[in-house]
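Engineer: Full structure from sequences and hints, please.
As given, the protein sequences belong to chains A and B, one line each in that order. If you count the first sequence from 1, you need to add 142 to reach the numbering used here. If you count the second sequence from 1, you need to add 82 to reach the numbering used here.
Calculated from the structure, these hints are not laboratory results. Predicted, not measured: the structure shown is a model, and the values here were computed from it. Watch out, some of these pointers could steer you wrong.
Stated by the list, open to error - Calculated lysine-lysine pairs in the DSSO-like style (CA-CA distance at most 27 Å, straight line):
#, chain 1, residue 1, chain 2, residue 2
1, B, Lys-106, B, Lys-130
2, B, Lys-130, A, Lys-179
3, A, Lys-204, B, Lys-315
Unchecked claim - Pairwise CB distance ranges, derived in the manner of DEER restraints:
#, chain 1, residue 1, chain 2, residue 2, range
4, B, Glu-107, A, Lys-204, 23 to 33 Å
5, B, Ser-503, A, His-203, 51 to 61 Å
6, B, Lys-102, A, Val-257, 42 to 52 Å
7, B, Asp-345, A, Lys-204, 45 to 55 Å
8, A, Lys-204, B, Glu-577, 17 to 27 Å
9, A, Gly-314, B, Asp-591, 32 to 42 Å
10, A, Gly-209, B, Glu-577, 18 to 28 Å
11, A, His-203, B, Ser-553, 33 to 43 Å
12, B, Gln-598, A, His-203, 56 to 66 Å
13, B, Ala-572, A, Gly-314, 32 to 42 Å
14, A, Gly-314, B, Lys-104, 19 to 29 Å
15, A, Thr-333, B, Glu-595, 34 to 44 Å
16, B, Asp-109, A, Gly-209, 31 to 41 Å
17, A, Asp-344, B, Glu-220, 21 to 31 Å
Using N, Cα and C, we set each Cβ at its ideal position, and we do this for glycine too.
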Amino acid sequence: MNRKSFLQHLGLAAGSTAFLSVTGGATHFFTAISGTKAIVVDYALCTGCRTCEAVCSASNHKIDIEGQLFHGQGNPALSNIKVWRYHPPADIPVTCFLCADAPCVAACPVKPDPVSGHKALYRDAALQTIKCDLNRCIGCQSCSDACKTERGQVIFPDDEGSPTGMCTLCHGDPQCVQWCPYQALSFLEITPDMPFREMHPDAIAIEMQGNFYELNIQKQ
Amino acid sequence: MKGVNGIVLEVNLTTRSISKVKIKEDDYRLFLGGRALGMKLLSDYLKKPGTDPASDENPLMFMPGLFCGFPIPNSSRTCMVTKSPMTSPLKSTHQHASTVSYSNMGGFIGPEIKFAGYDGIVIIGRSTVPVYLYIEDEVVEIRDASQFWTMGTNQFETAIISEVGDRRFETAYIGSGAVNGVLYSSVINTGARAAGRGGTGYVMGTKKLKAIVVRGTQMPEVYDHKQYVELLKQVRLSFAADSQSKTDWRYGGTANALQFSSDRGSQAVKNYSEGTFSEIEKINVHAARQQVWKRDMACYSCQLSCKKSGFAKGAYGGLVNEGIEYETGTMLGANLLVNDLNGLHTMIEIADDYGIDIITLGNVIGFLMECYDKKLIDKSFLDGIDLTWGNVDASIQLIHQIGKNVGIGKEASRGVKHLASVIGKGSSDFAIHVKGHELAAWNVQGYAKGFGISYTTANRGACHMTGGEISGQNLSVLRDSMGMCSFASAWYKDEVHFRHFIQALTGIDLTEEAFQQTGERMFNLERALNCREGFTRMDDVLPERFFKDAYTIGPQKGVKLEKVDFDKMMDDYYTRRGWNLQSGIPEPETLQRLELAFLQ
Numbered sequence: 143m144n145r146k147s148f149l150q151h152l153g154l155a156a157g158s159t160a161f162l163s164v165t166g167g168a169t170h171f172f173t174a175i176s177g178t179k180a181i182v183v184d185y186a187l188c189t190g191c192r193t194c195e196a197v198c199s200a201s202n203h204k205i206d207i208e209g210q211l212f213h214g215q216g217n218p219a220l221s222n223i224k225v226w227r228y229h230p231p232a233d234i235p236v237t238c239f240l241c242a243d244a245p246c247v248a249a250c251p252v253k254p255d256p257v258s259g260h261k262a263l264y265r266d267a268a269l270q271t272i273k274c275d276l277n278r279c280i281g282c283q284s285c286s287d288a289c290k291t292e293r294g295q296v297i298f299p300d301d302e303g304s305p306t307g308m309c310t311l312c313h314g315d316p317q318c319v320q321w322c323p324y325q326a327l328s329f330l331e332i333t334p335d336m337p338f339r340e341m342h343p344d345a346i347a348i349e350m351q352g353n354f355y356e357l358n359i360q361k362q
Numbered sequence: 083m084k085g086v087n088g089i090v091l092e093v094n095l096t097t098r099s100i101s102k103v104k105i106k107e108d109d110y111r112l113f114l115g116g117r118a119l120g121m122k123l124l125s126d127y128l129k130k131p132g133t134d135p136a137s138d139e140n141p142l143m144f145m146p147g148l149f150c151g152f153p154i155p156n157s158s159r160t161c162m163v164t165k166s167p168m169t170s171p172l173k174s175t176h177q178h179a180s181t182v183s184y185s186n187m188g189g190f191i192g193p194e195i196k197f198a199g200y201d202g203i204v205i206i207g208r209s210t211v212p213v214y215l216y217i218e219d220e221v222v223e224i225r226d227a228s229q230f231w232t233m234g235t236n237q238f239e240t241a242i243i244s245e246v247g248d249r250r251f252e253t254a255y256i257g258s259g260a261v262n263g264v265l266y267s268s269v270i271n272t273g274a275r276a277a278g279r280g281g282t283g284y285v286m287g288t289k290k291l292k293a294i295v296v297r298g299t300q301m302p303e304v305y306d307h308k309q310y311v312e313l314l315k316q317v318r319l320s321f322a323a324d325s326q327s328k329t330d331w332r333y334g335g336t337a338n339a340l341q342f343s344s345d346r347g348s349q350a351v352k353n354y355s356e357g358t359f360s361e362i363e364k365i366n367v368h369a370a371r372q373q374v375w376k377r378d379m380a381c382y383s384c385q386l387s388c389k390k391s392g393f394a395k396g397a398y399g400g401l402v403n404e405g406i407e408y409e410t411g412t413m414l415g416a417n418l419l420v421n422d423l424n425g426l427h428t429m430i431e432i433a434d435d436y437g438i439d440i441i442t443l444g445n446v447i448g449f450l451m452e453c454y455d456k457k458l459i460d461k462s463f464l465d466g467i468d469l470t471w472g473n474v475d476a477s478i479q480l481i482h483q484i485g486k487n488v489g490i491g492k493e494a495s496r497g498v499k500h501l502a503s504v505i506g507k508g509s510s511d512f513a514i515h516v517k518g519h520e521l522a523a524w525n526v527q528g529y530a531k532g533f534g535i536s537y538t539t540a541n542r543g544a545c546h547m548t549g550g551e552i553s554g555q556n557l558s559v560l561r562d563s564m565g566m567c568s569f570a571s572a573w574y575k576d577e578v579h580f581r582h583f584i585q586a587l588t589g590i591d592l593t594e595e596a597f598q599q600t601g602e603r604m605f606n607l608e609r610a611l612n613c614r615e616g617f618t619r620m621d622d623v624l625p626e627r628f629f630k631d632a633y634t635i636g637p638q639k640g641v642k643l644e645k646v647d648f649d650k651m652m653d654d655y656y657t658r659r660g661w662n663l664q665s666g667i668p669e670p671e672t673l674q675r676l677e678l679a680f681l682q
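Structural biologist: Written out as structure tokens, the structure is:
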């Protein structure tokens, strides 16, 4: 994302504040809607155990037994948080950053619904999470492409091309945060001093590998 | 049956045929999964004794434990199962007689095999050209691996992820050591998590299989979902509570034991001639934590993060993928009188890159150091290497010769039993192996009951994970079959016992007695397979060193084993096992009682 498009998006996102992040692998602008809380990762504490993936999957894919909902099996393939592993050893969990400018929503070509004003992909007012109206999604993969190229590659297309992987914040009680055995995950209001916001895991990994192993890796 | 995939993937590299083999419900009931299910399959594949471990007929299996893939804390463990290329009996009518081999690894490969829809992968036959196995759920392909074949493990791990273009793939692979024919080569997954022992990597090399590369997206339904969810919650809560044990594991992993073991005189020091290392402080856990380690790493769903990575400084500086553990720190440290922490980490790094077993490697170097010190061999035997005690540079040179299988490496890559036969001159007294498989980092003098019995009776040859008590031995193979990490047992008791998880996942309802007996059955299955090859009680013996060379330093100074006492302990062991006192072979009634009559 360049400065011009950044400023354009800023104009669209009412109530946003803008921050300049220089802590990441590259100088990077990000935005935040005041009061938005998101999953924040302390990459120095993550051990790569992927407990977060299992509990995310279990919490977001519940099983109905005799009318009562129970956590699912915990299949990590269905998780909205993903731990990416790098060599030299670094484990980089990434989930939806709840970007204020939401390039995924911007990329959605579906016309807004006259009643709700939502495209197929939209930001939910309650927790600022990104949701998809599967009845209207055309499976074009514009949102997942935008997330991959502009942000953290959080959204993945399913077999029909519809987006998966958007964090639900588990209705305000994120289970990954609750069950992380290493306290690497927090549920915090987004602030300007947070490192690694809206960065791709590849870029975060380069930074963390440099920190861990005193490597002089050329920054991208 | 719920809780399992119900099939293993069988890949024949000779015919290039790929098939799914259904596993009988009875086999799950009797053997659960992982190591023991692999052994049952091994007994099916090996039609007769004496199969050449390097032949088409020897199957190589990747066997995730029963719990693997379910987010049950510390249940990621996977066993390699095959017929050993390292062991041999004193006498046998079968030319290629050897024990079973199993080697256990954590990491991520086992869960992924389960996610792909398989309870195991069995490789049979041999390819004529280097290949890797690509698995993405239903899609299974044998692919060309020519460009990867000679790569070390570090380079390969990066290269294979580039090749498949997706970081969600999990991999298990061999390094250049196995490719070059080092007998004690490991199978490695996910950055130096090694199935180190028993030569399983060598067998993989004989099949020209560089790697398996797996991604899966499925999970089987469980038998009692409500109970499964509740048990998961309970065991996670119990891990979440503060405990000294958890803190210790996270702080130092097994390296915590370096100081403790040296202090009490149970460490392998100077090729097992001593139990205490006077310079242990220089290479203990605190030194490593302060000087080298930067990160704690966990296996899938692990709560203890005992694995470390970091950065070594000084002359031996560089990336450390794998911090010292008790075994690696002892075998390449105390056992060689190496006191340089950075040098020690570098030796481990180089050995891991070749993908060779550091326990056997530390034995080989220690044995040659002792031979050199005693002038049984000279520099020319060692390709000019001045292999003095504690010499890091010389050890590194030797590791390269071994990994490349050149010069002295041609002999040293076959282990200490072979080296002793080449060198002679009484060196077999201090060639530290049982059945051809080298001992691990726990010394025996003074601790015969624990480790002496563990080493002599272990079914892959000397093994420190087996245990000296029969109930512990049975639990050990049970753990390997459930896929449980042996460090996590303390958190699985009372209402979150392993038995309850087995019941919730599969519906197999075991009483405590039946659970114990399942372990007993598993251990006896392996023993019976070994006996069929010709192994008997006379193979269950420790090296002479332990009966001759008393410690000269430390709290156990003056201690050595007495043959009469040790024999009595062994008598007692065979009797309680229900094995013949003279031959050490399981009695027919024992096999009958354990539903192993098919082995007679």
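Engineer: Next step is simple, just say for each hint if it's right about the structure.
Structural biologist: Do the hints match the structure? See the list:
no., hint, result
1, B:Lys-106 - B:Lys-130, "22 Å, holds"
2, B:Lys-130 - A:Lys-179, "65 Å, violated"
3, A:Lys-204 - B:Lys-315, "15 Å, holds"
4, B:Glu-107 - A:Lys-204: 23 to 33 Å, "29 Å, holds"
5, B:Ser-503 - A:His-203: 51 to 61 Å, "59 Å, holds"
6, B:Lys-102 - A:Val-257: 42 to 52 Å, "51 Å, holds"
7, B:Asp-345 - A:Lys-204: 45 to 55 Å, "52 Å, holds"
8, A:Lys-204 - B:Glu-577: 17 to 27 Å, "24 Å, holds"
9, A:Gly-314 - B:Asp-591: 32 to 42 Å, "39 Å, holds"
10, A:Gly-209 - B:Glu-577: 18 to 28 Å, "26 Å, holds"
11, A:His-203 - B:Ser-553: 33 to 43 Å, "40 Å, holds"
12, B:Gln-598 - A:His-203: 56 to 66 Å, "37 Å, violated"
13, B:Ala-572 - A:Gly-314: 32 to 42 Å, "35 Å, holds"
14, A:Gly-314 - B:Lys-104: 19 to 29 Å, "46 Å, violated"
15, A:Thr-333 - B:Glu-595: 34 to 44 Å, "58 Å, violated"
16, B:Asp-109 - A:Gly-209: 31 to 41 Å, "37 Å, holds"
17, A:Asp-344 - B:Glu-220: 21 to 31 Å, "29 Å, holds"
Hint compliance for this structure: hints 2, 12, 14 and 15 are not met, and every other hint is.
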